[in-house]
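The chain contents come next:
Number of protein chains: 2
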Amino acid sequence: MIEVKLKDLGELSDRFNLQMPKGMFLCTRDKERDNVMTIGWGFIGVMWGKPVLNVVVRPTRYTHELLSNSDVFIVGVPKADEMKEALQICGTVSGRDRDKFELARLKKGEGRSVNAPVVEGCETQYECKILYRQAMDPTFLNKEIDKRHYPKKDYHVFYIGEIIDCY
Amino acid sequence: MIEVKLKDLGELSDRFNLQMPKGMFLCTRDKERDNVMTIGWGFIGVMWGKPVLNVVVRPTRYTHELLSNSDVFIVGVPKADEMKEALQICGTVSGRDRDKFELARLKKGEGRSVNAPVVEGCETQYECKILYRQAMDPTFLNKEIDKRHYPKKDYHVFYIGEIIDCY
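From first to last, the protein sequence lines are chains A and B. With the first letter of the first sequence counted as 1, position 15 gets the number 15 in this note's numbering; the numbers rise by one all the way through. With the first letter of the second sequence counted as 1, position 20 gets the number 20 in this note's numbering; the numbers rise by one all the way through.
Quick caveat, the hints were computed from the structure, so don't treat them as lab data. Keep in mind that the hints are not guaranteed to be accurate.
Pairs involving identical chains hold if they fit within one copy or between any two copies, as the list cannot separate such chains.
What the hints assert, rightly or not - In silico SDA-like pairs for lysine to any residue, Cα to Cα no more than 25 angstroms straight-line:
{"id": "1", "residue 1": "Lys7", "residue 2": "Lys84"}
{"id": "2", "residue 1": "Lys129", "residue 2": "Ser70"}
{"id": "3", "residue 1": "Lys7", "residue 2": "Ser70"}
{"id": "4", "residue 1": "Lys7", "residue 2": "Asp137"}
{"id": "5", "residue 1": "Lys129", "residue 2": "Arg148"}
{"id": "6", "residue 1": "Lys129", "residue 2": "Ile39"}
Model the full structure from these sequences, guided by the hints.
Here you go:
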């Protein structure tokens, strides 16, 4: 395990935010089950003096169910424009119904510092330990955003995870 | 005003996270008052399909008071290792007691897309419109972090602002 230092964050965050709009993989595990979903929203930065990712998951998602029983997650950044089909599958099918690693023909590996699966062949892996989680409260949410993105009132949950390993 | 596109975010975020651990300026304004404070924690990313900053302010801060009456903020990234003394002053003195622009000998300018002041001479300015704000809830906060950073229970408020201009 290589310690992730704050001074490395600039370099790390470049790749994260370049790829984020195209999608990346969020891998989770609870006691018995693994899952991977595609995320297109999220943040990278500094909090409590640590390099962190902030990922967002709707409470209706299978990933949310798994995260309820876990303190870690891994975000995998696919190589630019590769794995497009897999990203599309992992963004539309639910892990409740299918093993998405299998369905999207992704090679499942093991995290090296946290107990969660990884998508092998990604350009970058961010292995994270969850330090904070909180459900959105729409009271002070912009009204247009509320109307457009939350017609079902399934407000996102924020998960702030310390980047404890990155490679 | 130049539209900030998601595809530019990689480049923008590099500088943000490289400098964040060294400090940057958060400029705010309400009807009558301007303020600038130093921030060392925050996030950059994508939310609701938009490029965003997520800045954090403790409720005890003068800046929090100003943000309660405002929908915008501007983050200025100083040139690397310049303005060290000003960052130090703006991180320790309260705007309640002193005009920090004056005290830290910072040249105050005007935002070009939002109604807030800027610190002139910064390398990058992020002008942001607040889309969401929420106070932290310690229920699901890591206990060590809670003990170390919040002995006074002054939990941060998150402000997610769309980057509507950047230069």
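Do the hints match the structure? See the list:
1. Lys7 - Lys84: between (31 angstroms within a copy, 17 angstroms between copies)
2. Lys129 - Ser70: Answer is within; shortest intra-copy Cα gap is 9 angstroms, inter-copy 34 angstroms.
3. Lys7 - Ser70: neither (28 angstroms within a copy, 32 angstroms between copies)
4. Lys7 - Asp137: Neither. Shortest intra-copy (33 angstroms) and inter-copy (29 angstroms) distances fail the 25 angstroms Cα cut-off.
5. Lys129 - Arg148: So Lys129 and Arg148 pass the 25 angstroms test across copies only (17 angstroms; inside, 31 angstroms).
6. Lys129 - Ile39: Result: close both inside a copy and across copies, 18 angstroms intra and 24 angstroms inter.
The earlier numbered hints that this structure contradicts are 3, 4.
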